[in-house]
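Take the sequences, apply the hints, and build the full model.
The sequence shown begins at 1 in my numbering and counts up by one.
Not one of these hints is a red herring.
FRET-style restraints, in silico, Cβ to Cβ:
| # | residue 1 | residue 2 | range |
| --- | --- | --- | --- |
| 1 | Asn168 | Ala216 | 17 to 25 angstroms |
| 2 | Asn92 | Gly151 | 45 to 53 angstroms |
| 3 | Arg176 | Asp218 | 12 to 20 angstroms |
| 4 | Leu104 | Ser169 | 35 to 43 angstroms |
| 5 | Lys173 | Ala216 | 18 to 26 angstroms |
| 6 | Glu147 | Arg46 | 42 to 50 angstroms |
| 7 | Met146 | Thr79 | 23 to 31 angstroms |
| 8 | Ser212 | Gln170 | 21 to 29 angstroms |
| 9 | Ser116 | Pro52 | 37 to 45 angstroms |
| 10 | Gln170 | Pro47 | 23 to 31 angstroms |
| 11 | Gly151 | Asp59 | 36 to 44 angstroms |
| 12 | Glu63 | Lys150 | 40 to 48 angstroms |
| 13 | Gly133 | Glu63 | 33 to 41 angstroms |
| 14 | Ser121 | Thr148 | 13 to 21 angstroms |
The set of hints was computed from the structure by calculation and includes no laboratory data. Yeah, the Cβ is synthetic: ideal placement off N, Cα and C, and Gly gets one too.
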Amino acid sequence: MNTMRWLTLGTMLSTCSAEPAAGQLPRQRLSSPATNPSPGNQNLPRPDAPIPTANIVVDGQIEDWAAIPVRLRPKPGVTSSYKPTAVRVAANEQFVYFLIELGLGVRERFDQQLPSGRVSSGALGHLRLTVDGTQYSVWLPTGFSMETPKGRPTLLTLQMSYELGRQNSQGKKLERLLTKEYPIDQDFIAIEGKYVEIKIPLETLAAKPTSSWTIAFDPM
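Rendered as structure tokens:
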């Protein structure tokens, strides 16, 4: 009889989600606009700049992001697992989309650890959203599942999720609104190479295409 044990991440919102075990080849990196050559460049959009309109398919393919400029260039610390380097944001009348580019891919890190048998959980960090004055946080944890089939070696499978929370009226804690898992919710979260792509329903954020947005990213 097979048993499954899920290793969760103990943070403000604690749920992990699965990623497929099959390896994926990194795709060509998106080219950044010439006006955004460095993390500190002042030509990056303001945190409250309007979000470009686009119809993005969350499938791990990045071609439909080619016309969307970099919005943020986070500065991860030395202990950051994935070292995010850029965030792009787009929206349409139903969803807001995020593409996070990493220095170390989610599966790449997992595959590096797997031969040693010491696979650890991690996180990309938090997306911080303020929509029409309401504050939200999107926690982006990674982890792994452990399966021990009878008479067979233990199998480890990579996991990932996004977990959306809204700050309560006292501003002291987050109310969980939405959790999406890969591959169960593969229309909402995708991973390929050094990219993580997600979408969030505007309805969940009580947002409209004309809403006022402020967006930040805190890498882990």
